[in-house]
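From first to last, the protein sequence lines are chains A and B. Residue 2 in this note's numbering is what sits at position 2 of the first sequence, and the numbering runs on without skipping anything. If you want this note's numbering, it's the 1-based position in the second sequence plus 1000.
Just so you know, not all the hints are guaranteed correct.
[Claimed, not checked] Just some of the chain B residues that point at chain A, by a computed CB distance under 8 Å: (1) Tyr1028; (2) Gly1030; (3) Ala1252; (4) Ala1301; (5) Ile1318; (6) Pro1321; (7) Ile1325; (8) Arg1327; (9) Leu1331; (10) Glu1334; (11) Thr1339; (12) Lys1345; (13) Leu1353; (14) Leu1356; (15) Ala1360; (16) Pro1368.
Rather than coming from a laboratory, the hints here were simulated on the basis of the structure. As the structure is a computational prediction, the values presented were derived from the model and not from experiment. Beta carbons are placed, not taken as given, at the ideal position from N, Cα and C, and that holds for glycine.
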Amino acid sequence: MKKGNAKKIVTDNIVIMVLILLVIGFSIGNVTFMKTANIINLFGQMCLNAILATGLTYVIILGGIDISVGSTMAITGIVVAQIVLRLNIQSTPLIILLQIVCGVVVGGIIGIFIGWLIAYRRLVPMICTLALMQAFRGLAYIISGGGPVYGLPNGFSVLGAGRLIETESFPTGIFPIIIIFTIVVVAIFHIILTKTVFGRHIFAVGSNANVAHMSGIDTKKVTLKCHMICGITAGLAGVVAASKVNNGHPATGDGYEMFAIAATVLGGTSLAGGSGSVARAMFGCAIIAVINNGMTLMEISAYWQKIVIGAIIILAVMLDMAQRGKSE
Amino acid sequence: MEPFLQVKNIAKDFPGVKALEDISIDFYPGECHALVGENGAGKSTLIKIIASIYKPTKGQVFLNGKQCDFKSPKDALDAGIAVIEQETSIAPHLTVAENMYLGCEPKKANGLLDRKKMESDAQAVLDEMGLEIDAHTICATLTAAQLQMVEIAKVISKKSKVVVLDEPTSSLSEKEIDSLFTQVRKMKAANTTMIYVTHRMAELPIICEKCSVFRDGLKVVEYNIKDVNEQTIVNSMVGRELGAYVKVNHEAREEVLRVEDLTRKGVFKNVNFHANAGEIVAFSGLVGAGRTEVMEAIFGATKITSGKVFLYGEEVQIKNPEDAIVRKVGLATEDRRRTGLLLAKSIQQNIALPNLPFHAKYGFVNVPWEKQTSEDYMEKLKIKAPNIQTLCGNLSGGNQQKVILSKWLAAGIKMLILDEPTKGIDVNARAEFYALMNQFVDDGGCIVMVSSDMPEVIKIADRAYIMSEGQITGELVSEEITELNLISLASPVSDESK
């Protein structure tokens, strides 16, 4: 019996095991990998994907998908940049507040729109968000005037690029604010998903929408709210991305949806719906970030990195299939 | 006469459980041999071994005297062994002919599909069976009973030598069951070896010659049907004297549900009935009469065109299941695996599901309440499972039904609508369920039960309404509930044959 238990522990936590192996591997491969500065960098690189994956997890557990998140990122980044620029806002706290509010409100409205199309107009999520991905990207170019919105005050970059705790060896600061922000966002949505009635309803609808309906759950409302949350996280990722480079760029987020979905799936969330976890998606983000970071340090071409990430995703999905096959 | 199919000393072990031990049965051609036993007794496992879906841990299968060395289900199929499951394996988007010849389509000399031959061959088999089905029909448009007939046609067209029917009648009406039995008799006359698995004891004397009783993985006894009665077989299944069901008389109390002129265009019309606390009201009728649709409409899952629903004398507007649940009305759906339970979730999660909002703290799930309530009901209803974390997909039908009942009891439901609650559940589990139903109404609850099982309706209903073609054709009270009355009221008005 003990053997069976050990096997189960490995398969349930295969992602964490792989992560540990990768970390060990890259530490041996390059001395710089385990340096504090690099580890901090690594977490910083994870953040955008982590925020995106959080909202995407909700939608995937529901049994749907949203591939327009990259385009949403561009829109919210440009909107807040335009507001700060045109209204000539200089105060840093106000700018940060504006960034967060913009991310939530604009992203939320986009999410509600998507959710409405999917829940009440019965559009297929893949097709719907595929179309919007294109449309929103176009919209981003229009509202940005075709190029980046730049010339923003320094306070704009605090959220995404600012660091706390300035010391002699680290004059620009050690601890990236973006990491704190990400942890807060991820924690809030993780708790909502795991501890609230709404969270349970999402799992129920994703598991079997008919049963959920017959148990008194308003499946349409649940769907709408999930997409709203996905929109909110995409919106927040967008303003953070803009803050990082201190401008609002219409090409922001292009292709990011794939890494977010990959991280979610690597984290054990099944694309069929009904199960998943925000916390585990973070491990998925970590794997992707570790591979990118480690391979870059070892001076392996970025093209090879893409192949490796692709291979890992296939392996993760194969594992998911094998797990599900066993339990049936 | 020599047996055509023999299983000798078959044993099957799964990790942690012995599903079958030392099973030996001889199946003869031209005979129908029944396999009976409680759920979990091993009947399905034996069938899967015969169909080569499982490999036996010990023992052999012999076909026509020769030992079988099947490596996969395809080998068994090629050897002429066909299994018709409860859930039809028909591709809904394909036509009847395409389904019948799936995997063995007739080809022309140039290798292309010979569609004309396929369709005419298919139609010939269908006509010979006396069915009025066109081989060109897309299967998604057929009823469950018709789909089953198509499966049988498939088996006949392959000239299968061994045909196994696994609980074929649980979704069929009386008329359709007659059709099925006619086909069984024809197959027996053609010397096919038939194996029949059922929970409906009353069917055995009609078409089966022999019967093997399974209990806890063992074959306890084999009977010649004509030598024994139903009670003896049931006792062998359970291993003790299972008292014949004693009908409980209930005192009807205050009116709980009244439905006036309920209509849904094209589905049901002018449905009028009432149900009181303390009574069990049955809805009988043929499959497709509209009973499930009426119940779904009352529960708010579907819309109505016109009509009124009254609860405790007051008119109510139930627009969705949430409205119904808030008013203490619950519905246990017809297909518990597809619409009754979240199979991938635990007993605890399923019992909690409709109750989450009522016990939540500021939107957060009340986990202690959930755990306590689930454990209480697991004990009260004697749900057989390792613990409340067990996934519902792993439970037997009877236990799944108990979980569904628990979830409604936990919600404080007073008006319980049950749609075919004992479908596919064995005799013992049924008796337990009836006891729970009786207790529920004795405690002041009201039950409306849709059931196509006439012996069941006669056994436990205080009153019965019969529906036919979307309308209520009659109401029977106590002694009036007889098989004859139920059948005559259930037949479509245009049907003169009865």
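Chain A contact restraint for Pro1321/B - C-beta distance below 8 Å
holds (5 Å)
Hint check: 8 Å Cβ-Cβ cutoff, Ala1360/B to chain A:
holds (5 Å)
If you take the shortest Cβ to Cβ gap from Ile1318/B to chain A, is it below 8 Å?
violated (11 Å)
Would you settle whether the hint for Lys1345/B is holds or violated, based on the nearest Cβ-Cβ distance to chain A being less than 8 Å?
holds (6 Å)
Does the closest beta carbon of chain A sit nearer than 8 Å to the beta carbon of Leu1353/B?
holds (5 Å)
Hinted contact Ala1301/B with chain A - closest CB pair below 8 Å
Because about 6 Å separates Ala1301/B from the closest Cβ in chain A, which is inside the 8 Å limit, the hint holds.
With chain A as the partner, please determine if Arg1327/B meets the hint condition of a C-beta pair closer than 8 Å.
violated (11 Å)
Against chain A, is Thr1339/B within 8 Å by beta-carbon distance?
holds (5 Å)
Hint check: is the beta carbon of Tyr1028/B less than 8 Å from a beta carbon of chain A?
Violated: closest Cβ of chain A sits about 36 Å from Tyr1028/B, beyond 8 Å.
Go through the hint on Leu1356/B and say holds or violated, using the shortest Cβ distance to chain A against 8 Å.
holds (4 Å)
Under 8 Å, Cβ to Cβ, is where Leu1331/B needs to be relative to chain A, so tell me if that hint holds or is violated.
Holds - the Cβ of Leu1331/B comes within 8 Å of chain A, reaching about 7 Å at its closest.
Interface hint status, Glu1334/B versus chain A (Cβ within 8 Å):
For Glu1334/B, the interface hint is violated, since the closest Cβ of chain A sits about 11 Å away, which is over 8 Å.
When held up to the earlier numbered hints, the structure conflicts with 1, 2, 3, 5, 8, 10, 16 and fits the remainder.
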